[in-house]
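**Q** Given chain A's structure and the hints, the job is docking chain B onto it.
Number of protein chains: 2
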Amino acid sequence: MKISELGEFPLIARASKYFSSVGMQNPDVSLGIGDDCAVWQPSESSYPSVLLTTDTLVEGVHFLQQTVSWRDLGWKSLAASVSDIAAMGGVPVVALMTLGLTGNESVEAVDQLFAGATECAQTFGVTIAGGDTIRSDFVIVGWTVAGTALAPDRGPARVLRRSAARPGDIVVVTGWCGSSAAGLDVLLRECGGVQSLVLAHQRPLPRVREAQWLLSRGIECATDTSDGVFESCRLIAEASRVQVNIDARVLPVHDDLVRFAREESKDYALYGGEDYELVFTVTPDALSDLLEEWGRSFELPLTVIGRCEVLPDGVQWVTVAHSPAGIHRFSHFGSETQ
Amino acid sequence: MKISELGEFPLIARASKYFSSVGMQNPDVSLGIGDDCAVWQPSESSYPSVLLTTDTLVEGVHFLQQTVSWRDLGWKSLAASVSDIAAMGGVPVVALMTLGLTGNESVEAVDQLFAGATECAQTFGVTIAGGDTIRSDFVIVGWTVAGTALAPDRGPARVLRRSAARPGDIVVVTGWCGSSAAGLDVLLRECGGVQSLVLAHQRPLPRVREAQWLLSRGIECATDTSDGVFESCRLIAEASRVQVNIDARVLPVHDDLVRFAREESKDYALYGGEDYELVFTVTPDALSDLLEEWGRSFELPLTVIGRCEVLPDGVQWVTVAHSPAGIHRFSHFGSETQ
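In order, the protein sequence lines correspond to chains A and B. First residue of the first sequence: 264, per the working numbering; consecutive thereafter. First residue of the second sequence: 264, per the working numbering; consecutive thereafter.
Please note: incorrect hints may appear among the correct ones.
Copies of the same chain look alike in the list, so a pair counts if it works inside one copy or between any two.
List time: in silico EDC-like cross-link candidates among lysine to aspartate or glutamate, alpha-carbon distance up to 16 Å [unchecked claim]:
| id | residue 1 | residue 2 |
| --- | --- | --- |
| 1 | K265 | E371 |
| 2 | K265 | D374 |
| 3 | K280 | E371 |
| 4 | K265 | E572 |
| 5 | K280 | E494 |
| 6 | K280 | D374 |
| 7 | K265 | D291 |
| 8 | K280 | E268 |
The hints are simulated quantities; they were obtained by calculation from the structure and are not laboratory data. Fair warning: this is a prediction, and the values are worked out from it, not measured in the lab.
For reference, chain A alone in the conformation it holds in the complex (with noise of 0.2 Å):
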């Protein structure tokens, strides 16, 4: 079988078999693949938990040459690794590139690229500390972020897990759903005209801060929309072992979206990625106040999209009410689950 017709979860499922039947698996070395980011809480230390993550962009796969400039290259290649820290409510600390190219783009071009990406960095605390060039046939941008989980007190470390979801939980998504992926098309049709769409496109903000406030209202479980909501929801499903059920009708789209889109709006607000918000989930008893403090911290929107159920015979991980047609799912490999 070839892995485009296994799919890319049945891929990381059987990666998950062979590393974590290591003999020496490290007890210090907590969630792993199935999360945001790796925990590793060194024992015997008063010190935070270390949050690792890694994130790659290939050319032709995750970005063009024609709708992202080098700057802004830079800048969204970080975020998307800033984002997974931002995932778990943790705090960003150190970075590391992986750069590859072909040799043939211009000294200049490359600046740019090193200038977006220490933008990123500076508006979101990270130290750019190190990394690898390496020669490629076409540009490869990845970027390995360190950071710590908040609350340095001993035991277990504090973060926002996809798996801490529970039976009767409210799920909720921050901003805007779906600009990013509707601001690439508005590049490559090159009709223009909506701004807020390409800007989320080409420097998207990962929700750091807001994460870090949710894990200290008691907030545990969350997720970032890097492969849109819908995918967000089932990565939460899957790990909590919980059924969530979203109304595509009340999925927040920014105007600019309405008006590009039209009926397809969510369309781009369920299967569109890149988008960077948070998809958390409270308790019905929680919410009201939650929503309320919340409005006193941050001008950005709160939106209640659905809420988890038990999970029924026959798996069925997301459901969608009043569902659109369905037609920007990404896959990485070709073949998709469910």
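**A** Just chain B now, kept in the frame of chain A:
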């Protein structure tokens, strides 16, 4: 100007200029660009420093399908990053994988990759705790490894640095030089019969225990030979602002390499990469005790290959007495300094 005209090290210098300009440069992060790992010593913490490194192998650039099996690729790709931790005298703990596949690979092949990586992880006590799968037009295998520096006492991290050599220091190398590069040529020419070289190429052994031992014996300066002994000496010379003078005649080459390459064996030894031995410096006073103690702990040979001198006017970082022709030099982006 193109990147291929600029060359790899000036590229890294440019990146460094941007990344170190970040206003909020974290005082807890040291070394960074310019050594084998970034070092992150969290303040207000009794925790030993965190070491971070990342290394990526690209098909066609760093490996060919016909010269390395999937299983060996799993091993050697992880070994490259483990060696960076070893080069600092640290303890490797956690690894994240970056895996780029076309989708046309067989599932069995990729299982072998996971199995080989698992073997390497087991051998060096590393837990593989996550990663990133991407679609790519050729195979990419990258590893981020995080570890700890030895000596968890308060105060600055104790690590082996490239920058700690002083004039008068003796330069020493572990094991054999050039075996891996020669092993690759054995495979390419399909001449067979020199299994030790092939093994060095396919199953390199990072010197993790050896480096920790050296650090515990007071050695301060080291790097690995991932880009060959000549390059290791240049990195130490440049970081320490000394001149390193080596004698090509004394470079330790395995009998199999002499049999395979005859008069070219010193070329392999100087410029062949992917050996993952250690080059370190020691004061003349400490040398004989160190050699004797080493001999009681390890079977691997230690060889004195040169000496550090005061850097003369008109920078020449490395001199090679009795130098061979120099046919195996490798550069990532075409042009090369010195």
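**Q** What hint numbers does the structure not satisfy?
**A** Numbers 4, 5, 7, 8 - these are the hints that the structure violates, sorted from lowest upward.
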